[in-house]
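S.K.: Protein chains in written order, with the numbering used here: chain A, -11 to 91; chain B, 2 to 293; chain C, 22 to 124.
It should be emphasised that the hints constitute simulated quantities derived from the structure, not laboratory data. Mixed in with the good hints there might be a few duds.
Going by beta-carbon spacing under 8 Å, a handful of chain A positions derived as facing chain B [as the list claims (entries may be wrong)]:
id, residue
1, S13
2, D16
3, L34
4, R35
5, W38
6, T39
7, T40
8, A42
9, K50
10, T54
11, I75
12, Q77
13, E81
14, W85
15, L88
Dumping the calculated SDA-like pairs for lysine to any residue here, alpha-carbon to alpha-carbon at most 25 Å [to be verified]:
id, chain 1, residue 1, chain 2, residue 2
16, C, K113, C, E38
17, A, K82, B, R184
18, B, K106, B, N147
19, B, K81, C, Q66
All C-beta atoms in this analysis are idealised placements derived from N, C-alpha and C, irrespective of residue type, glycine included.
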Amino acid sequence: MLKSIRLLALVLPIAGATSVLAAGSEADFKAAYAAAEAANKEAAALRNQWTTTAAAMAAAKKAADTGDFDEAIASSKEAEALAKASIFQATSEKEAWKALEIR
Amino acid sequence: MSGEVNVRSAIHFASAALALAVLAFGAIQPAVAADTPDPAADAKAFRNYFTQKFPKLKLEDFVNGPYSMNEDMHRQWEEKEQFPPYDFSLDMGKEMFSKPFKNGKSYADCFPNKGIGIRQNYPYFDEKEGKVITLELALNRCREANGEPPFSYVKDEMAALTAYMAFTSRGKPFDIKIPGDPRALEAYQNGKRYFYTRRGQLNFSCATCHVQSPGERIRAEVLAPALGILNAMPIYRSEWGGMGTISRRFTTCNSQIRGVPLNPQDDEYRDLEYYLSYVSNGLPISGPGARP
Amino acid sequence: MASTIRVRAIASGETTEVQALIQHPMDSGFVKDAKGEIIPPHFIQELTFEYDGKSVFVADWGPAVSKDPYVKFSFKGGKKGDDLKISWVDNKGGTDTTTAKIQ
């Protein structure tokens, strides 16, 4: 219970921080996208990628192509968050699956 | 414009946070289970779970999946069986199976008993290779060994061939073996773990639908019980407007819960098929089948 | 080429029950293929069952009917051993016909 509250506490402040940012640049986008890619790659190694992660990354790329870097950065950060959630899922399920097993 | 983006990103983070929270709340601290799997005990417990949940069903009724889950569905199944939509694929499969390859050999040369009446023995653990071999995999390997290009694992020709082979085994009980080789036990355990592991953004495991909720609905579909769930494969699924194999069902299930599917016949899927088939030992092959 | 029509007609008392399964793509013309191009409409427009020189069942179909349609109906009359003729025409001018014996 406490662990999950700490997790929530971790993720929510990032949302607050973003709203203070000024318009993003291409460099900011590239950094955000790279972070998302790295997380998604880790999820792939765990054999647990989400389709929504890929969709967010595609949306980021598409926005960047039109020069809308704010949108591209937002989508990249969403993709990173989704990828990280999928990593958390794969890791916690390593033990958690046993709770569902018919015995 | 940037204000709008900030609201959006806040919502995105909130939804990601919610996803995380759901995962965290969902994770229970379980009692540590015994580490050495006992497949025979698993299978018995698996069967008992479902027969107790559906006491009016005979064991062989489970192979009809959603059609055994309520009266209305059962009547639909009886009607459908009079003119099954898989008939065309089955005919095509029979034709394909008997047609020789360019080198003169045929599928019969790759399988025991010329490939007739053997479907209930698949998948099996190949001790030389140290891996699980499924029927679909064996068929493509047969083709490649005879200079033919492999088929897609998910539909059309592969479905037709497996439909025919299943048909020749109709009524025969699943007879999956786990040899003493520790790697076989590991493959079985991998399959079991895959079955119960939550995945995808929707955080479902196979068990979420097919153990916790058989007979209930997900959107408009009635869920099938996991016991006997592979016995009717391959299936003509009205939703697909065509035939689909075990590979098709595994991959589409993954994407439906927003998990990126693995490749057909990846180790995880082969092991999953091994586990699901083993725990349905004794139930009759009913394939090919039809589903909504 | 094998017939696209499978039919079973069973006479019982005063009525005959007919079931038919027809192999046809029934493309509505609204679905796109993997390349994103519309699959052109290709569907049965008229399906006719004839007994004793008269139509006992006529269906006017359109794109709403799914692939490999299944039909079941009963008509008054029909004797065991008599012929039942089934034919269809699609929007491309394709046709098929078969004759079955009532059981």
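S.K.: Against this structure, judge whether each hint is valid.
M.R.: Each hint, compared with the structure:
1. Because the closest C-beta pair between S13 (chain A) and chain B is about 13 Å apart, greater than 8 Å, the hint is violated.
2. Because the closest C-beta pair between D16 (chain A) and chain B is about 13 Å apart, greater than 8 Å, the hint is violated.
3. A hinted interface residue such as L34 (chain A) counts as satisfied when its beta carbon comes closer than 8 Å to some beta carbon of chain B; here the least separation is about 10 Å, so the hint is violated.
4. Because the beta carbon of R35 (chain A) sits about 7 Å from the nearest beta carbon in chain B, less than 8 Å, this interface hint is met.
5. About 5 Å separates the beta-carbon of W38 (chain A) from the nearest beta-carbon of chain B, less than 8 Å, and the hint is met.
6. For T39 (chain A), the interface hint holds, the least distance from its beta-carbon to any beta-carbon of chain B being 5 Å, beneath 8 Å.
7. At a threshold of 8 Å, the smallest CB-CB gap from T40 (chain A) to chain B is about 5 Å, leaving the interface hint in force.
8. A cut of 8 Å between beta carbons decides the hint on A42 (chain A): the least distance to chain B is about 7 Å, and the hint holds.
9. The beta carbon of K50 (chain A) is not positioned within 8 Å of any beta carbon in chain B (closest approach about 15 Å), and the interface hint is therefore violated.
10. Given hint, T54 (chain A) at the interface with chain B, is violated; its Cβ is 13 Å from that chain's nearest Cβ, farther than 8 Å.
11. For I75 (chain A), the interface hint is violated, the least distance from its beta-carbon to any beta-carbon of chain B being 11 Å, above 8 Å.
12. The closest approach between the C-beta of Q77 (chain A) and any C-beta of chain B is roughly 5 Å, which is under the 8 Å cut-off, so the hint is satisfied.
13. With 8 Å as the threshold, the beta carbon of E81 (chain A) comes within range of chain B, its nearest partner Cβ sitting at about 5 Å, so the hint holds.
14. Satisfaction of the interface hint for W85 (chain A) is found here, the shortest Cβ-Cβ separation to chain B being roughly 4 Å, below the 8 Å cut-off.
15. Annotation: L88 (chain A) was flagged as interfacial toward chain B, and the flag holds, the nearest CB pair being 4 Å apart, inside 8 Å.
16. For the hint pairing K113 (chain C) with E38 (chain C), the CA-to-CA distance comes to about 30 Å; that exceeds 25 Å, so the pair is violated.
17. Between the alpha carbons of K82 (chain A) and R184 (chain B) the distance comes to roughly 19 Å, so the proposed pair stays at or under 25 Å and holds.
18. About 7 Å separates the Cα atoms of K106 (chain B) and N147 (chain B), which keeps this hinted pair within 25 Å; it holds.
19. As the CA atoms of K81 (chain B) and Q66 (chain C) are separated by approximately 24 Å, the hinted pair is consistent with the 25 Å bound.
Comparing the model with each earlier hint shows violations of hints 1, 2, 3, 9, 10, 11, 16; every other hint is respected.
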